[in-house]
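Novice: Chains as they are written, first to last, in my numbering: chain S, 1 to 181; chain R, 1001 to 1184; chain W, 2001 to 2372; chain Y, 3001 to 3102.
It is worth saying that the hints were derived from the structure and are not from the lab. Note that the structure is a prediction, hence the values are computed from the model and not measured. We treat Cβ as the ideally placed atom computed from N, Cα and C, and that holds for glycine. One should not assume that every hint holds.
Said to hold, decoys possible - Quick look at which bits of chain R chain W covers, simulated, 3 or more residues with Cβ under 8 Å:
#	region
1	1046-1056
2	1059-1066
3	1071-1077
Stated by the list, open to error - Some chain R residues well away from chain W (every beta-carbon gap over 12 Å; in silico):
#	residue
4	T1013
5	I1024
6	H1027
7	I1036
8	S1093
9	C1098
10	I1106
11	Q1110
12	K1123
13	F1145
14	F1162
15	L1163
16	G1170
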Amino acid sequence: MAKTVVLQRKPLSLSERTYLPQIVTGLKTTFSNMFKGKVTLQYPEEKPNIPKNYRGIPTLVKDPNGREKCVSCQLCEFVCPPKAIRITPGAVPESEDDREHVEKAPQEFEINMLRCIYCGYCQEVCPEEAIYLQDEYSLSGYSRDEMINKKEKLYELGGTLPDQHYKWDKKKNAEDEGNDH
Amino acid sequence: MNTVDLLFYFFATLSVGGGLLMVISRHPVSAAMFMIISLVSVAALFVLLESFFLAILQVLVYAGAVMVLFLFIIMLLDVGPEGGKVSRVKMLSGLASCLSVGILVILLLQFSGIGDASLSNWKAIQSTESVTGDSLVFSTSLKNFGYGLFTKYMLPLQVAGFLLLAAMVGVIVLSKKSTPDLDA
Amino acid sequence: MFDFEMLFMIGLKVLFALLMIGAVMTMAGYSVLAERKVSAWMQGRVGPNRTVLPLVGYVPFAGKFLKGMGMFQPLADGLKFLFKEEIIPGHVNKFYYNLAPIVALVPALTTMTVLPFGEFFADNGESFPLMLANLEVGILFILAVSSLGVYGIVLAGWSSNSKYPFLGGIRSSAQMISYELAMGLSLLPIFLWVSEPGTGAMGLSLVDIVDSQKQSPWLLLVQPLSALIFLIALFAETNRLPFDMPESETDLVGGFHTEYGGFKFGIFFVAEYAHIVVGSAIFTIVFLGGWHFMPWMSDPWPATWIGSLIGVGWFLAKTIFLIFFFIWIRWTLPRFRYDQVMNLGWTKLLPLALINLIFYVCLVTWLDQPPA
Amino acid sequence: MESVTPQHFLVLAFLLFGVGFLGVVLRRNLLLVLMSLELMLNGVNVALVSFSRTSLNLDGSLFVFFIMTVAATEVAVGLALLVALFKKRQSVFSEDISLLKN
Chain S
1 MAKTVVLQRK PLSLSERTYL PQIVTGLKTT FSNMFKGKVT LQYPEEKPNI PKNYRGIPTL
61 VKDPNGREKC VSCQLCEFVC PPKAIRITPG AVPESEDDRE HVEKAPQEFE INMLRCIYCG
121 YCQEVCPEEA IYLQDEYSLS GYSRDEMINK KEKLYELGGT LPDQHYKWDK KKNAEDEGND
181 H
Chain R
1001 MNTVDLLFYF FATLSVGGGL LMVISRHPVS AAMFMIISLV SVAALFVLLE SFFLAILQVL
1061 VYAGAVMVLF LFIIMLLDVG PEGGKVSRVK MLSGLASCLS VGILVILLLQ FSGIGDASLS
1121 NWKAIQSTES VTGDSLVFST SLKNFGYGLF TKYMLPLQVA GFLLLAAMVG VIVLSKKSTP
1181 DLDA
Chain W
2001 MFDFEMLFMI GLKVLFALLM IGAVMTMAGY SVLAERKVSA WMQGRVGPNR TVLPLVGYVP
2061 FAGKFLKGMG MFQPLADGLK FLFKEEIIPG HVNKFYYNLA PIVALVPALT TMTVLPFGEF
2121 FADNGESFPL MLANLEVGIL FILAVSSLGV YGIVLAGWSS NSKYPFLGGI RSSAQMISYE
2181 LAMGLSLLPI FLWVSEPGTG AMGLSLVDIV DSQKQSPWLL LVQPLSALIF LIALFAETNR
2241 LPFDMPESET DLVGGFHTEY GGFKFGIFFV AEYAHIVVGS AIFTIVFLGG WHFMPWMSDP
2301 WPATWIGSLI GVGWFLAKTI FLIFFFIWIR WTLPRFRYDQ VMNLGWTKLL PLALINLIFY
2361 VCLVTWLDQP PA
Chain Y
3001 MESVTPQHFL VLAFLLFGVG FLGVVLRRNL LLVLMSLELM LNGVNVALVS FSRTSLNLDG
3061 SLFVFFIMTV AATEVAVGLA LLVALFKKRQ SVFSEDISLL KN
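Given these sequences and hints, build the entire structure.
Specialist: Right, here's the structure in full:
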């Protein structure tokens, strides 16, 4: 059993009961604060430092060779909790040689930023590492249409990111060497 | 009609009019506001009579304290406008008092010699700084006022002080929450 | 009929009055800025630094500095108040609702008629105080008129016809009555001290108070307790934190001006700061030696128009420091609870002021005893 | 020079007194009755000050001082009584405190 201990407080001295010394101390504190540095940012001109793993706006990225990574598997569309992503799958045109073996590509890719909750599931689920939540955080528009990011906008926002795997290149090389798998 | 006359009539109208509106206004807050107008114009009349100290005292005591107290009580008790009809007895007594006031004013106008030019020369105030003795001369100086209070009117002053003390004790007793052991 | 000389005098007075209203209003406007800036500095922020006038902003160095200090912010604020839509809520008592801001502002501006703010040296060496009206009962006038300011708050609270403003109005009236007593009582020993026999001071004139502090200790040093009580009562009378019961944002939304917006709110705002400006000026006059240089020292400036200008500047500097002190206190002390305010006023300050008065009565009597 | 005579002030004082009297008689709200009483006292004050000024004698002014003291006291006590009454009867109207009538 916990024992309750009643602490006897020391009675206040006369100078403490006037509260004046305490007030003076407080005044000193506030005054010294006047000469300390500012902790605020002048926002639109100065931007805060964004950490690496920040979850900003979801974007589509290209690999270092400038190729579209998304294969429109639609996993992100399925996993997206608020149903913000809509993908219209399409085929990769035959003419693009460097994308051999990639069968599909998004014909249209929309992320509705009015619905997006920045949960990052799409990034997590993407098998191609094509969708990333990057450091952009301020998004605004004058109409609802402007708030729906189309494919071009998504690639523009995403840019290219270094790729560790070159999955499709490896597959092509393997096939070229006669190794199907 | 010179400036002083103009001011006198202006403030006289304001004070009596304010008083009248106070008496007939339905809502207590409006009444208090009209009362303040009346009191401040009376202060202005005191200025016309060259007793500046009393004028300021009038504003300080009446407008600054008494009427704030009134407003405080009106708000505290949340007194709404007066509903219902004025009773017949009230009407009759009101009429009677109106009549008597009217008659008295007429008599006053008749016999007090208003407009008598011989009465209208206000004697100039002598600026006597040092006052001694019992004959208190009217002056604008505060010193004379204090001298009067603390020599000739020493006893009334003490009694007034005692009255204030008694009133304070009385008010505290009246407004204190009654404890059960005191009631028993 | 009308005396032309008198008319001229009246015109001159009106002109001076307008000038002073301009000065006080400007100071009130810039106190708002000071409040925002100082609070920002004390909280590690920058404060208003965006507003800029078209041309002035491009002056190489000064323009940027003025912009950074937010010097144009009061202008922008004023314009905003002017051009905002006037909204009168449907449930208010329209007449008193519109009257209240005026009633709040007028007393604050009227008190400055008896404020001396410097002295003018004539050619023959005589000096005259610079003020609109040298009343013998100056301090009483200030107390009387400034006590009328409470009606603005009470009326605003009552006419808004909603509960938070109403509570603000009630609180304000009770607080005013409570602290006026302590304020008056704290000033009595001052005048007792100043107008002791043989000093030539007569009555309750503010000029005499200032003159008595020439080349002698400031009254702050002579009567620190009176100064303290007066300062606390001043905070309470101007509704500043820690006594801003009538408009405590945390428990009464906005207090008495919850239902106000636009220009009418602006008037309340300016009235509050005008009260602070006038209150600081009074404290400077009574306790900080007015336009005199330093305690025990004679004024180092010459007795010419330059000297009087420096004197006015010195007076302003003291006043501005006090305004800063008001702001400083605001960001240091938390707000009292309402019962604590009443408790402090009636059971602490009032007895203290009485004891202080009795002590100085005894002291002055003892000092004034003719040598046996 | 001036055409305002002491009699003007006297009539004014009487009018103020009369108006106050009317209020005391006519109003049922006790708060207003108290206010009207103040107005009556004010009327007397005006008369006293004007007498004092006319005869160049300070006694009248000093009396006004005492009247003001008494008036302030009266208001304080009166309002305290009123509040006490309101607590008991929930009304500030004079007809509601006629204990003997019913």
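Novice: Next step is simple, just say for each hint if it's right about the structure.
Specialist: Right, here's what the structure says about each hint:
no.	hint	verdict
1	1046-1056	holds (count 3)
2	1059-1066	holds (count 5)
3	1071-1077	holds (count 4)
4	T1013	holds (20 Å)
5	I1024	holds (16 Å)
6	H1027	violated (9 Å)
7	I1036	violated (7 Å)
8	S1093	holds (31 Å)
9	C1098	holds (28 Å)
10	I1106	holds (32 Å)
11	Q1110	holds (31 Å)
12	K1123	holds (21 Å)
13	F1145	violated (9 Å)
14	F1162	holds (16 Å)
15	L1163	holds (17 Å)
16	G1170	holds (16 Å)
The structure does not agree with the numbered hints 6, 7, 13 stated previously, though it agrees with the rest.
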